[in-house]
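Number of protein chains: 2
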Amino acid sequence: MPLGQRAGDKSDSRYCGVEVLDFPAGDGLPAVLTHSLSSAFDFLLAPLVDPEYRPTPGAVLPVAASDLVLSPSQWSSHIVGKISEWIDLDSEDEQLRLDSELTLKQEIAWATHLSLQACVIPPPKRSTCANYARVVNNILQGLTNMQLWLRIPLEKSESMDEDRGKSETVDSWEWWNSFRLLCEHSSQLYVALDILSSLPSMNSLGRWFGEPVRAAILQTDAFLTNARGYPCLSKRHQTLLTGFFNHSVQVIISGRSNHNVSQVSEGVLSGDENHTEDTPTRHALSPYLEYMAYLYQRMDPLPEQERFEPLMDNLEAQTYETFEKDTVKYTQYQRAIAKALVDKVSEDEVSTTRTVLMVVGAGRGPLVRASLQAAEETGRKLKVYAVEKNPNAVITLHSLIKLEGWESMVTIISSDMRCWDAPEKADILVSELLGSFGDNELSPECLDGAQRFLKPDGISIPSSYTSFVQPVTASKLHNDIKAHKDIAHFETAYVVKLHRVARLAPPQEVFSFTHPNFSPKVSNQRYTKLQFELPQDTGSCLVHGFAGYFDAVLYKDVHLGIEPNTCTPNMFSWFPIFFPLRKPIYVPSESPIEVHFWRCCGATKVWYEWALVAPSPSPIHNSNGRSYWVGL
Amino acid sequence: MPLGQRAGDKSDSRYCGVEVLDFPAGDGLPAVLTHSLSSAFDFLLAPLVDPEYRPTPGAVLPVAASDLVLSPSQWSSHIVGKISEWIDLDSEDEQLRLDSELTLKQEIAWATHLSLQACVIPPPKRSTCANYARVVNNILQGLTNMQLWLRIPLEKSESMDEDRGKSETVDSWEWWNSFRLLCEHSSQLYVALDILSSLPSMNSLGRWFGEPVRAAILQTDAFLTNARGYPCLSKRHQTLLTGFFNHSVQVIISGRSNHNVSQVSEGVLSGDENHTEDTPTRHALSPYLEYMAYLYQRMDPLPEQERFEPLMDNLEAQTYETFEKDTVKYTQYQRAIAKALVDKVSEDEVSTTRTVLMVVGAGRGPLVRASLQAAEETGRKLKVYAVEKNPNAVITLHSLIKLEGWESMVTIISSDMRCWDAPEKADILVSELLGSFGDNELSPECLDGAQRFLKPDGISIPSSYTSFVQPVTASKLHNDIKAHKDIAHFETAYVVKLHRVARLAPPQEVFSFTHPNFSPKVSNQRYTKLQFELPQDTGSCLVHGFAGYFDAVLYKDVHLGIEPNTCTPNMFSWFPIFFPLRKPIYVPSESPIEVHFWRCCGATKVWYEWALVAPSPSPIHNSNGRSYWVGL
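Here the protein sequences line up with chains A and B, keeping their order.
Under this note's numbering, residues 1 to 632 are what the first sequence spells out, in order.
Under this note's numbering, residues 1 to 632 are what the second sequence spells out, in order.
Heads up, a few of these hints could be off.
Stated by the list, open to error - Computed footprint of chain B on chain A; a stretch qualifies when at least three of its residues, placed anywhere within it, have a C-beta under 8 Å from a C-beta of chain B:
1. 132–141
2. 604–610
Unchecked claim - Chain B residues, not near chain A, derived (Cβ > 10 Å throughout):
3. P122
4. G142
5. E376
6. S623
What the hints assert, rightly or not - The calculated DSSO-like cross-link candidates involving lysine-lysine, where the alpha carbons are at most 30 Å apart (straight line), are:
7. B:K381 x A:K476
8. B:K425 x B:K605
9. B:K583 x A:K583
10. A:K482 x B:K383
11. A:K485 x A:K455
12. A:K485 x B:K521
None of these hints come from the bench; they were simulated from the model.
Keep in mind that this is a model prediction, so the values were computed, not measured.
By construction, the Cβ of each residue, glycine as well, lies at the ideal position given by its N, Cα and C atoms.
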């Protein structure tokens with residue numbers, strides 16, 4: 001039973017599982033499953049094979065339950081397999097290593113036979129886990145559907161490295177990083193994080209939001225007790241759990257009950273206690289589940305723009321209809337135009353002066369409407385030229401103007417703005433040519449051309465815009481791009497909803513453009529070097545690329561943008577843009593990241609090139625715009 | 001005119017060029033060329049465009065000489081273009097940056113028009129050279145035949161980084177490394193090293209032997225003066241130059257003459273002095289060229305095994321004929337067999353005891369011959385079984401035995417050793433199943449099978465063997481592999497002559513096998529972790545993979561092998577083996593390199609997997625033997 005209903009949330013984070021700690025000997029598994037499901041848990045993390053088992057020639061694998069004991073759908077929907085925890089593939093003991101390899105392969109083969117969706121494999125037992133990674137990598141090559149979730153303790157912990165005879169503090173993210181690098185970023189390898197009572201810094205935790213975390217295994221020991229004796233979590237744990245819910249991570253409750261607040265006796269976990277279907281014993285871990293449901297239901301509903309699907313899309317595919325619904329955006333335009341009108345025409349002149357305003361790229365008329373509303377609001381007279389090259393949009397524009405009775409105020413120009421010869425010059429030039437990265441849809445080139453319609457003291461709305469980038473961990477996105485198996489897709493920027501992403505440092509400015517620009521030597525080529533310092537307590541991380549945004553000054557203090565720190569709320573016209581790196585780059589703790597961005601202009605196209613310079617140089621991406629460009 | 005004749009040397013290092021320092025204004029270039037060629041230089045490094053030139057709209061490029069002034073073959077064979085040295089693509093001055101980009105592209109376009117083989121581009125002017133690299137990378141995408149040689153000062157030098165306002169010592173290799181990483185290891189990008197009077201440590205210099213160095217530009221300032229007033233080089237310079245000669249690097253003499261030892265006056269470099277064809281002036285730099293010729297001619301002739309071609313080949317392609325010519329190898333076998341015979345049969349028993357010796361894999365008989373010679377040499381009686389599965393080789397074997405009159409001593413068994421049922425057990429089992437990496441051609445598996453023919457106290461020759469690896473810089477090899485554009489070729493080990501390779505640390509042992517091995521539980525799987533510490537004065541480097549070797553104990557103190565420190569001299573049967581890394585790994589100065597090697601055995605095949613663990617983990621290479629294996 002899901003933790004709750006949350007409008008727009010279709011992610012797995014609604015589901016909550018429970019870990020079965022004791023081996024359900026005999027045919028105990030069905031009873032444990034029934035009891036857990038009737039107690040509102042959604043699935044079990046259950047051992048598949050007797051943990052006492054060691055490989056013996058000719059022996060039958062002592063499984064928890066034969067495949068006939070549960071139905072195929074029960075196996076696949078309600079059981080996540082737990083691989084025996086004793087296996088130790090990096091032991092100095094060769095026999096233990098060989099036994100571990102054989103057992104791991106046998107258990108995975110059994111789980112595949114059961115059609116399980118996933119198995120949890122135990123945490124690496126020491127800091128070097130190359131042999132463990134090698135065997136898992138071998139297994140991953142042969143898996144088609146099943147996922148492997150590598151269990152990793154969330155806390156920075158003491159290493160149990162017997163090789164070096166001393167304990168040292170290890171950042172468990174480093175384990176994960178080595179493991180997945182050795183396994184070539186396999187798209188079937190995920191993380192299951194063990195959450196204990198103490199937590200590392202929020203910056204350190206934040207890295208996981210860009211990693212493929214499928215489950216948070218929440219230990220009962222991590223809970224506190226509230227005044228009424230019920231389990232609850234610290235504020236920091238609550239924040240973390242909310243973060244996981246927002247990143248499609250499902251929770252698994254694990255451990256013995258420390259809060260015996262149920263009305264009936266301690267529940268059944270190991271399945272070997274007697275209970276009957278009609279008087280179900282309350283599950284010992286129910287209080288923890290109830291607290292999870294409380295946390296889940298307490299969350300704010302998903303904001304409008306978060307509900308968009310699919311994840312990867314580009315703006316061209318979206319319709320005018322969708323754009324025009326973005327009322328926040330046009331309200332900002334109206335405010336900017338109103339301010340410009342007031343600046344252009346003083347109160348003394350309102351009756352005598354008519355302002356000439358041109359909308360370049362009028363589409364189906366939203367900016368025409370915003371302009372006229374601004375004129376009405378400020379009591380200024382307006383003459384509007386609506387320039388639009390799409391003949392279909394022009395048809396709609398004509399009917400809109402007739403319908404609204406704007407004929408006297410609006411002249412429709414069905415023409416490409418590059419070809420049009422304006423009959424008079426404008427006081428105000430209004431456009432909405434901005435892309436997610438500001439200048440990525442040729443706004444600079446278009447407005448340079450259109451400013452010949454503008455009076456020397458004319459105003460462009462927007463009057464300037466700036467792009468921003470920040471380094472991110474985004475393993476899912478990177479794997480999606482890698483699936484194309486070519487370089488061109490890694491040299492393309494994607495307009496994309498950034499869902500499972502860790503933002504590693506505050507965004508910085510990249511390119512700025514100001515309009516109008518009447519200087520004699522205008523170049524829209526740009527070159528910017530940026531250096532990012534990660535917060536000291538982040539630890540090391542992997543950078544998959546850069547998330548890009550824009551902020552535009554429409555006029556004076558009226559701005560519009562998606563840069564996270566200053567973004568216009570409830571605006572959904574733009575997703576961020578993502579500039580990938582061909583190879584994810586490991587950034588050691590406290591090492592700066594230096595990235596260079598170029599905006600290049602050729603005779604027929606405009607494109608970006610980008611390259612990492614520190615901590616280590618990457619190839620120049622998209623050299624000569626070979627993979628990704630916008631045609632002029 | 002080449003520096004000299006050296007048997008077997010077909011490399012470019014025979015040729016010596018001279019740098020033209022002053023711009024040959026007017027039509028001076030032909031005169032300079034004629035004078036230099038008649039002075040025994042082979043080519044010029046010459047400016048193509050007036051260094052005073054800055055881009056001006058509509059201006060004609062002020063070239064040194066029109067394409068008609070020299071013949072096409074003179075341009076392509078005798079001129080290396082020198083790109084204007086003022087260009088500075090990473091200046092803070094945007095105009096200088098843009099002028100530099102335009103000029104660089106114009107000069108390269110001109111050089112392409114002239115069909116030059118190569119151009120030297122000036123050294124980066126500051127430590128960050130990302131924009132320079134970007135423009136060069138753009139150019140490289142469009143070049144088909146011409147090479148670009150990036151000029152790099154060999155000495156660790158003061159950085160002129162104006163950005164940071166302070167000077168810092170920079171390892172010039174780091175410049176090169178950043179540059180080529182940004183340029184994606186382009187196979188048309190090379191290095192031209194400027195050699196000055198002071199040199200960094202030999203370990204630091206050694207890195208360059210694995211890099212694509214095409215020219216050593218030797219400054220006249222780097223020369224000393226000998227007792228007779230002639231130019232000469234320090235011992236360290238001599239060693240370096242010999243190293244370059246051995247790695248196909250050609251020398252270019254550069255600078256003003258500091259040794260005016262010629263009988264006539266200072267020669268012509270700038271081409272604007274008067275001289276006539278019939279009374280040629282001695283070239284001012286002739287004394288330096290003569291010293292180069294002396295150094296070149298003084299070198300030892302190339303050893304036999306260095307003359308083999310092609311570079312990449314595998315042993316299967318070589319014939320029995322070639323193998324049998326390796327007399328050193330069979331002499332070692334004979335010595336080992338002789339020692340074993342003496343140990344087996346004491347002087348008292350020589351007349352009564354006949355030793356049974358089996359040659360498994362007898363081929364056309366070289367080990368049969370070695371065995372019989374050992375018997376004769378030691379006065380021991382011998383019965384030889386020669387087992388060979390190749391029926392063609394068996395035919396030759398029969399005629400050999402008839403020819404030599406060995407019928408009474410040798411029994412030929414035309415059979416696969418795995419199927420043969422021996423009529424008696426052997427005292428000595430002799431085989432030559434070793435590959436370049438020792439166990440890489442199934443010697444362990446074959447000898448495990450063949451040892452059933454051996455008496456419990458029998459001797460196997462070889463009695464043990466060990467493989468070795470060492471990290472190397474090998475940019476040429478890596479680029480050759482990359483040309484295949486797939487992962488499989490990067491997960492394959494190559495038997496290859498390691499010509500342009502920098503060996504970064506002494507080889508270490510990987511896997512060992514001992515024969516016979518009568519223990520009940522024999523496994524030929526192996527797993528070894530190795531850690532390499534580079535000499536402290538090496539600096540940082542790039543590792544492209546691992547060079548592999550073997551050493552075999554044939555019997556007691558008689559060994560055979562190609563491990564560089566202990567290799568058997570003048571043996572040419574084996575080239576080294578090379579295990580590539582999919583991505584070259586940057587190893588910061590003083591960081592250890594940790595690599596893991598697995599020898600894996602399946603039901604039908606044997607293969608290696610390998611992975612780098614430090615300084616950063618690589619993917620596991622050749623998982624499940626998917627790309628490279630030997631079938632059982």
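So, going through the hints one by one against the coordinates:
1. 132–141: That given contact holds, which follows from 5 residues of the stretch 132–141 of chain A lying within Cβ reach (below 8 Å) of chain B.
2. 604–610: violated (count 1)
3. P122: Per Cβ check, P122 (chain B) is outside 10 Å of chain A; nearest 19 Å; holds.
4. G142: Not fine: 8 Å to the nearest Cβ puts G142 (chain B) too close to chain A.
5. E376: 46 Å, holds
6. S623: 5 Å, violated
7. B:K381 x A:K476: Given that 30 Å is the threshold and the Cα spacing comes to 73 Å, the pair is violated.
8. B:K425 x B:K605: Between K425 (chain B) and K605 (chain B) the Cα gap is close to 29 Å, so the pair holds against 30 Å.
9. B:K583 x A:K583: 10 Å, holds
10. A:K482 x B:K383: Distance ~63 Å between K482 (chain A) and K383 (chain B) Cα, so the pair is violated.
11. A:K485 x A:K455: 51 Å, violated
12. A:K485 x B:K521: With Cα atoms ~44 Å apart, K485 (chain A) and K521 (chain B) exceed 30 Å; violated.
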